[in-house]
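Colleague: As a plain string of letters, each chain reads:
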Amino acid sequence: MTVPQKNSSSKIWNDPVFRGRVFQGVVLTAIIAFFAFIVSNTLHNLEVRGISTGFGFLNQEAGFGIIQSLIDYNETNTYGRTFVVGILNTLLVSLVGIVLATLLGFLMGIARLSNNWLISKLAAIYIETFRNIPLLLQIFFWYFAVLGVMPHPRESMSWGELVFLNVRGLYIPSPEFSDGITFVYASIFVTLIGIWILKRWAHKQQDDTGKQFPVFYTAIAALIIIPGITYLISGTTTTWDVPALRGFNFKGGITILPEFTALLLALTIYTAAFIAEIVRAGIQSVPKGQLEASRALGLKNGQMLRLVVIPQAMRVIIPPLTSQYLNLVKNSSLATAIGYPDLVAIFAGTTLNQSGQAIEIIFMVMAVYLTISLVISLIMNIYNKRMALVER
Amino acid sequence: MLEPIHSPPFTKHPVKWAQINLFSNWFNSLVTLLVLYALVTYVPGILDWIFFSADWSGQTKADCSGEGACWVFIDARMNQFLYGFYPDDEQWRVNLAFILLLALVIPLFIEKVPRKGWLIAFLLIGYPIIATWLFQGNIFGLSQVDTEQWGGLMLTLVIATVGIIASLPIGIILALGRRSEMPIIRWICVTFIEVMRGIPLITILFMASVMLPLFMPEGVSFDKLVRAMIGITLFQSAYMAEVIRGGLQAIPKGQYEAADALGLNYFQKMFLVILPQALKLVIPGIVNTFIALFKDTSLILIIGLFELSGIMKAALNDPEWLGFATEGYLFAALIYWMFCFSMSRYSQHIEQKLNTGHR
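Top line first, the protein sequences correspond to chains A and B.
Take the first sequence: its letter number 123 is residue 129 in this note's numbering, and every next letter is one higher.
Take the second sequence: its letter number 175 is residue 955 in this note's numbering, and every next letter is one higher.
If you are wondering where the hints come from, they were derived from the structure by calculation, not from laboratory data.
All figures in this text were calculated on a predicted structure; none of them were measured in a lab.
Treat the hints with caution; some may be incorrect.
Stated by the list, open to error - Only pairs whose alpha carbons sit at most 30 Å apart, straight line, appear in this in silico BS3-like list of lysine-lysine:
#	chain 1	residue 1	chain 2	residue 2
1	B	Lys1133	A	Lys127
2	B	Lys1049	B	Lys1060
3	B	Lys796	A	Lys294
4	A	Lys306	B	Lys796
5	A	Lys17	A	Lys217
6	A	Lys127	A	Lys217
7	A	Lys294	A	Lys391
8	A	Lys391	B	Lys1033
9	B	Lys796	A	Lys127
10	B	Lys1060	A	Lys294
11	B	Lys1049	A	Lys17
12	B	Lys1133	A	Lys294
Claimed, not checked - Quick list of the computed label-pair ranges, beta carbon to beta carbon:
#	chain 1	residue 1	chain 2	residue 2	range
13	B	Leu881	A	Ser120	37 to 45 Å
14	B	Arg1125	A	Val381	19 to 27 Å
15	A	Ile77	B	Leu814	55 to 63 Å
16	B	Leu782	A	Lys217	52 to 60 Å
17	B	Trp898	A	Leu98	52 to 60 Å
18	A	Ile37	B	Val1006	17 to 25 Å
19	A	Val28	B	Ser1001	31 to 39 Å
20	A	Asn307	B	Leu903	52 to 60 Å
What the hints assert, rightly or not - Quick partial rundown of chain A residues pointing at chain B, CB under 7 Å, derived from the structure:
#	residue
21	Phe147
22	Ser184
23	Val350
24	Leu376
Yeah, the Cβ is synthetic: ideal placement off N, Cα and C, and Gly gets one too.
Please model the complete structure; the sequences and the hints are all you need to start from.
Modeller: Right under this line is the structure:
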């Protein structure tokens, strides 16, 4: 059979490679032209409005207060510092939200599969209700309808004169340790390393001799006893800073703002409803034969769950769980609707309005969220690789 | 031959049922009792507040006794919640447009209706023109209603419908682009999709409201509503693209090769062979994206448009009606819930219908 020669008379526009190049060239030119158009318009508009470009504004004095900050901040600090305060507040509510949503979501997902009809139906009602209502509305509900009707500071609800709840927030005592606490922290760290070594030893022991060592209970006991003894020996003392009503408001202790609580409640409950469905699908994806096989091997219920079901279910759960975490971080930007001082509310809100540097600020905010997304995906991908099926 | 025997008795006896489903062991029994106790303690109070002690009729705040929910507030403001500030005399236009939409969409879900292609084409090209004319007016004898007067549920539905209709084709184009063999096209699509999925919708809406005016030549300005629509549509089309990409990847390679072997060109291959199969596979995912889009419409209140959540928030700040936040947000939540829940039920129905039991 002869190899078909390239037909010399075929037209160049019938060649898919050539067509592809032309098409890409056209698209690229169009996009470059589009951006050039935008950039030239923007530069012109900025000039007309007398706005200077660049990041110099970050060193200017901010001149506004922020109701919650994890680092020292006051009105005389710079716009640059408001950026950092915003990022930290976003991270705070996101991290706490992720932890709580994971716990509630796993609980609800397992409850959905319970053989108790009542529990399973209640979990289903929870999931179907909160999944189908916009998050923003849920935030409003918690903020305005629940926390907004709390009593005034003078008529605060109180528990044992230690914890107070009123319309301005939740007040709890904060511990203050003397210098010896450093030793306690160090001992916790050392104990954790010890537990890690113990775990490896126990694993090897089981491989060699078949004997199992109760790592979990030993670890719990060690984590309580060793730092406890260190605390006593080092002579650390703890004083409690109890909140008390002074004037019109409470002073002292830790204040949890209603904005934070409302946002956290809404984010947790909303995201947990999605996580519950993911967990349910994950557990249901484990074939029945696996359960029967582990029963045949004589595993107890707990062992079956821990050694057979969960590792296999996690493979299905992790990818969608990651996107729920990402959604939670992005959704925390709804804080701006109730005035919780997160990145969007402070930096893309107050700072933008004051400085007028819309372009720089929006791009910085976008860059932060993109970075957070990237980091979470990276961590979850590493975890996913460890859990993935190792085919031999 | 063996004698036929009856199937084992299948008891539906309530006691037996409760024994199996509620009290199978001591732990289950304990949990059941605790939950029942909690339900008996709290549910009657809640039901009483919502229904039995609630005030249903009246005109002003004074008509509410305060013992239960005050639905008078919802009743008095109903027109605003549905139409925003749309003039009373012109509201028939909104109703007509939505009835027309329903009349066009419902046949799509009935299997026996022939020539759905023409219906879809009309829905995508003809209907938007008619609807825009009905909503906005100004020509052919209809008086003009500015988009600032649109609001309430009507605005929510307008944005959701536009978003749903526009995000699907854009999502398909992006998904095809991401799977394209042309590197430049692929990278443009990947960048767009990943950036859109990496940032919150709020920043995109901020960008649409703060930066878009800077991008345009001097004097050119977009309507605020159009900007919000562009923002939401672009945002959701990135998610749509990922859903559709999942479908494209699930189609066996043989289908692509077979289409090539038949001498189909790229568009014939995609639109006649691949996409019909791929889209069918991911209908549940597409509906979920629609649900997300519907819920996301509530975010536009942040840039100052009064859709259902926005108008509710404004109504609750009215000095004449202070203190009905619970009633207001419950009502708004119920409306969103009805739309989203029915969409999700439909997607589950499709999933079951398409699930042939073997993968």
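Colleague: Can you name, in rising order, the numbers of the hints this structure does not satisfy?
Modeller: 5, 6, 14, 15 and 22
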